Each structure stands twice: as structure tokens, then as C-alpha cells.
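Participant: Sequence:
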Amino acid sequence: MQDVKDTRRALVRIGYDGRVHKTFRGHLAKERFAHEVRVLRHLEARGCDYVPRLLEVDPDALKIVTTNCGQRVDHLAPERQKELFADLENYGVRHEDPELRNITYRISDGRFCLIDLEFATLLEGEEPRSLKPTDLSA
Numbered sequence: 001m002q003d004v005k006d007t008r009r010a011l012v013r014i015g016y017d018g019r020v021h022k023t024f025r026g027h028l029a030k031e032r033f034a035h036e037v038r039v040l041r042h043l044e045a046r047g048c049d050y051v052p053r054l055l056e057v058d059p060d061a062l063k064i065v066t067t068n069c070g071q072r073v074d075h076l077a078p079e080r081q082k083e084l085f086a087d088l089e090n091y092g093v094r095h096e097d098p099e100l101r102n103i104t105y106r107i108s109d110g111r112f113c114l115i116d117l118e119f120a121t122l123l124e125g126e127e128p129r130s131l132k133p134t135d136l137s138a
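1 is the number of the first residue of the sequence shown in UniProt numbering; add one for each residue after it.
Calculated directly from the structure, the hints in this document are not laboratory data. Bear in mind that the values here come from a model prediction, so they are computed numbers and not experimental data. Backbone N, C-alpha and C define an ideal beta-carbon position, used for all residues, glycine too. Please note that the accuracy of each hint is not assured.
Quick list of the computed label-pair ranges, beta carbon to beta carbon [said to hold, decoys possible]:
(1) Lys30 with Asp6: 18 to 28 Å
(2) Arg25 with Gly110: 30 to 40 Å
(3) Ala77 with Ala29: 28 to 38 Å
(4) Lys30 with Glu83: 31 to 41 Å
(5) Leu54 with Arg25: 32 to 42 Å
(6) Ala86 with Asp3: 29 to 39 Å
(7) Asp109 with Asp17: 13 to 23 Å
(8) Asp49 with Glu124: 15 to 25 Å
(9) Arg101 with Arg25: 14 to 24 Å
(10) Asn90 with Met1: 32 to 42 Å
(11) Asp60 with Gly15: 12 to 22 Å
(12) Ala86 with Pro59: 31 to 41 Å
(13) Leu76 with Arg53: 21 to 31 Å
(14) Arg80 with Ala29: 28 to 38 Å
With a straight-line Cα cutoff of 27 Å, these simulated BS3-like cross-link-like pairs (lysine-lysine) come out [claimed, not checked]:
(15) Lys30 with Lys63
(16) Lys5 with Lys63
(17) Lys5 with Lys30
Assemble the whole structure, with the sequences as input and the hints as a guide.
Facilitator: Spelled out as C-alpha cells, the structure:
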């Protein structure tokens, strides 16, 4: 497996089969894990096709396995970035970390995708809430 992110909050690896393996760690790891699972299931149920799909969930290891949404984007017009994150709200989710590092490009269908939804806010169903910390630099 290839490490693509190794921070205090998560270890993300790409398997040889292309799947993304994300293990949560650090502050509020269990809560962030459960929240990202909830958000991804919410988006899948609403037909959002430009976020990762959950393939496996391991609550004991605080690990999820998802589909691969392509390569991270290095440059994108700020207006287009805003459009992508704003469109997610049509599915009842606010990303809460609308940065370029959370946008990928999926070559198979020429689609920009959004990743890293552990701090997203669900806008419908339950009281809107987010686990967004004050410092997202880690």
C-alpha cells in the first residue's frame, strides 16, 4: 500500500487494488470515524456520485475502505471550488473544510470529487452538527 496522508488525525493509504484505506486516530477519532461513515451513507442514499463510496467499515480499528475518487487537484479556479462545495449542500451536507486539498479529479468520468468529510455538517434529519476543530492544519 502507498501512504498518501499520515497526520495526527488520520492515516490514509491506497491499496494495490486502488481502494482507499483511512484509519482515524488522535483527538475524537471514534466520533470522527462514526461521523464520516454517517455522512458518506447519507450522501450515497441521496445519489451523490462525486464523493467516496463506503466499501468496508471496521469500527474496532476505526477504519473505512472507500472507492478511489482520483488524484488530488493542484490548481482550480476559486469560483469553481466554491461551486463544488456549494453543490454538496443540495445533498444536505456542508463540507466545513472547503479547501483545494479536499478536491480530487476522477479521470474515468472527468469529474471533480470531494473527499475528507469527517468534519462535514449534516444539514437535514438531525440537528445540524459538525466535529470541525478550530485548527484543520493537522
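Participant: With reference to the structure, classify each hint as holding or not holding.
Facilitator: We went through each hint and held it up to the structure:
1. Distance hint check: the CB atoms of Lys30 and Asp6 are about 19 Å apart, consistent with the given range 18 to 28 Å.
2. Arg25 and Gly110 have their C-beta atoms about 34 Å apart, which keeps the hinted 30 to 40 Å range intact.
3. Checking the proposed 28 to 38 Å range against Ala77 and Ala29 shows it holds: the Cβ atoms sit about 35 Å from each other.
4. In this structure the hint that Lys30 and Glu83 lie 31 to 41 Å apart at CB holds, the actual value being about 33 Å.
5. Distance hint check for Leu54 and Arg25: the Cβ-Cβ separation is about 19 Å, which falls outside the suggested range of 32 to 42 Å.
6. Restraint check, Ala86 to Asp3: a C-beta distance of roughly 32 Å satisfies the suggested window 29 to 39 Å.
7. Range check, Asp109 to Asp17: Cβ separation about 19 Å, and the 13 to 23 Å hint holds.
8. Between Asp49 and Glu124, the C-beta spacing of about 19 Å keeps the proposed range 15 to 25 Å intact.
9. At about 19 Å, the CB distance of Arg101 to Arg25 agrees with the hint of 14 to 24 Å.
10. Range check, Asn90 to Met1: about 34 Å between beta-carbon atoms, so the 32 to 42 Å window is met.
11. For the hinted restraint 12 to 22 Å between Asp60 and Gly15, the CB-CB distance of approximately 19 Å keeps it satisfied.
12. For the pair Ala86 and Pro59, the beta carbons lie near 32 Å from each other, so the given range of 31 to 41 Å is met.
13. Here the CB-CB span from Leu76 to Arg53 is close to 23 Å, well matched to the stated 21 to 31 Å.
14. Roughly 32 Å separates the CB atoms of Arg80 and Ala29, a value that falls within the hinted 28 to 38 Å.
15. With a C-alpha separation of about 10 Å, the suggested pair Lys30 and Lys63 falls inside the 27 Å cut-off, and the hint holds.
16. As the CA atoms of Lys5 and Lys63 are separated by approximately 14 Å, the hinted pair is consistent with the 27 Å bound.
17. At most 27 Å may separate the alpha-carbon atoms for a hinted pair to count; Lys5 and Lys30 meet this at roughly 18 Å.
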